[in-house]
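Go ahead and model the full structure; you've got the sequences and the hints to work with.
Number 221 in the UniProt record's numbering belongs to position 221 of the sequence shown; there are no gaps in the numbering.
The hints are simulated quantities; they were obtained by calculation from the structure and are not laboratory data. Incorrect hints may appear among the rest.
Unchecked claim - Below 30 Å or equal to it, Euclidean Cα-Cα: the simulated BS3-like pairs (lysine-lysine) are:
(1) Lys-103 - Lys-329
(2) Lys-282 - Lys-128
(3) Lys-133 - Lys-7
(4) Lys-282 - Lys-103
(5) Lys-190 - Lys-128
(6) Lys-46 - Lys-133
(7) Lys-186 - Lys-133
(8) Lys-7 - Lys-186
(9) Lys-263 - Lys-133
(10) Lys-186 - Lys-103
(11) Lys-290 - Lys-12
(12) Lys-12 - Lys-128
(13) Lys-128 - Lys-103
(14) Lys-290 - Lys-329
(15) Lys-133 - Lys-103
(16) Lys-103 - Lys-7
(17) Lys-263 - Lys-282
(18) Lys-46 - Lys-128
(19) Lys-263 - Lys-190
(20) Lys-103 - Lys-46
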Amino acid sequence: MVTRTFKSDQFKESLPELMRSGQYAIFQDLPFLDGELSISIEAFRKRFGHVEIPVHEDFGYLMNQHLDTLTGGRSVRSTIRALIDGECDHWFPSQSAVCSYQKLPDAIQRRLNFLPGLEEIDGNPIYKIFYAKEGMRTLLHFDQDHRHVLLRQVCGRKRVVMIEPRHHEHLLPIGHNSTLNLSLLKDQEKDRLYSSVSAEVVELAPGDLLYIPPLTWHYVEYLSTGFSIGHRFCQNPMNRFLSENLHQTGRLQNISVLYLDEKNVSEEEMGYFVELQNLFSKPFATGFEKYFALDALVEEIYRQMFGQSRFLAMGIQELEQTGFLRLIKAGRLYSV
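Quick look at the structure:
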């Protein structure tokens, strides 16, 4: 699926079509902050350095502790200036502090330029902020909220790798994260992997706006230190139920894709959705019983829709279950 590039005057008419087709796209020349097309990191620091944000451990480090990636580690309050100046790095074992997938501070949101037509699609999008230093990488993952994403590159450059949900088995996922540590692969090895799963690779410059369809696997490399802002929008009632009430796995991810377009959900697919709702509403003695019952139903629905699921590496299924059971024990989802 090749990424298309549009100019700013094409945004309003093109976005609904992209949402229907699930096509990646980059928009250019859209003013994004105080009417500007791009901004240097020095200017961003000067303008917003006093603003408080949560900072946390580099997720690439957390990759070495697979189960911790399910909770995202811990965060500490700091400021944009301290984060850029490196003052937060020593707070974490990896010596790498980042701000990823955190709520965009109001002081910045108030100065964002509106994207033409987005308010008509979703009048209340969720804004997230992302910051990391040159050389840092995210995990290969899909987002658990099942929303459409527009990613604005504010300053710095980054590479984004996108892979369709149907390739999940080859990515060896635990929950919504792949266990493939792409940072350990040589460029030639990455190229072979990307080719085998039809990955789309794009490089974002300051001012670029990337559209990412819901539930897409993606991996980000920071080519230079930089900030970006994510707009998350349009979550229909069925995907809201699936994202908020069920543990996210590659199997549920692929089932959920079928409900993104409410108008084209088949009678059979609606029947499966009702089964999940009914089982979720059923009383269970413990959260563990509820987890295993729902997981078994998701597995059966996946088999009916796509064929028998496969775990292509030893221990992946067991690690995934162990992680979810830890979350239940900690009071996260299905706890009774």
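Verification of the supplied hints:
With a C-alpha separation of about 27 Å, the suggested pair Lys-103 and Lys-329 falls inside the 30 Å cut-off, and the hint holds. Between the alpha carbons of Lys-282 and Lys-128 the distance comes to roughly 35 Å, so the proposed pair goes past 30 Å and is violated. At roughly 29 Å between alpha-carbon atoms, Lys-133 and Lys-7 fall within 30 Å of each other, so this suggested pair holds. Of the pairs offered as hints, the one joining Lys-282 and Lys-103 is violated, with about 34 Å between alpha carbons and a cut-off of 30 Å exceeded.
Pair hint Lys-190 plus Lys-128 holds up; C-alpha atoms about 28 Å apart against a cutoff of 30 Å. Straight-line distance between C-alpha atoms of Lys-46 and Lys-133 comes to about 17 Å, which keeps the hinted pair within the 30 Å bound. At roughly 21 Å between alpha-carbon atoms, Lys-186 and Lys-133 fall within 30 Å of each other, so this suggested pair holds. A hinted pair counts as satisfied when its Cα atoms are at most 30 Å apart, and Lys-7 with Lys-186 does not qualify at roughly 34 Å.
For the proposed pair Lys-263 and Lys-133, the alpha carbon gap of about 42 Å is over 30 Å, so the pair is violated. Under the criterion of a C-alpha separation no larger than 30 Å, the hint pairing Lys-186 with Lys-103 is inconsistent with the structure, at around 34 Å. Of the supplied pair hints, the one linking Lys-290 and Lys-12 is violated, its CA atoms being roughly 44 Å apart against a limit of 30 Å. Proximity of Lys-12 to Lys-128 is assessed by CA-CA distance (about 21 Å); at most 30 Å being required, the pair is judged to hold.
Proposed proximity of Lys-128 and Lys-103 is supported: the alpha carbons are some 5 Å apart, at most 30 Å. Distance check on the hinted pair: Lys-290 and Lys-329 sit about 13 Å apart at the alpha-carbon level, within 30 Å; holds. As the CA atoms of Lys-133 and Lys-103 are separated by approximately 19 Å, the hinted pair is consistent with the 30 Å bound. With a CA separation close to 28 Å, the supplied pair Lys-103 and Lys-7 stays within the 30 Å bound.
This hinted pair checks out: Lys-263 and Lys-282 have alpha carbons roughly 28 Å apart, not beyond 30 Å. Distance hint between Lys-46 and Lys-128 is fulfilled; the C-alpha atoms sit about 20 Å from each other, no more than 30 Å. For the hint linking Lys-263 to Lys-190, the alpha-carbon distance of about 38 Å lies beyond 30 Å, and the restraint is violated. For the hint pairing Lys-103 with Lys-46, the CA-to-CA distance comes to about 20 Å; that is within 30 Å, so the pair holds.
This entry does not satisfy hints 2, 4, 8, 9, 10, 11, 19, going by the numbered hints stated previously.
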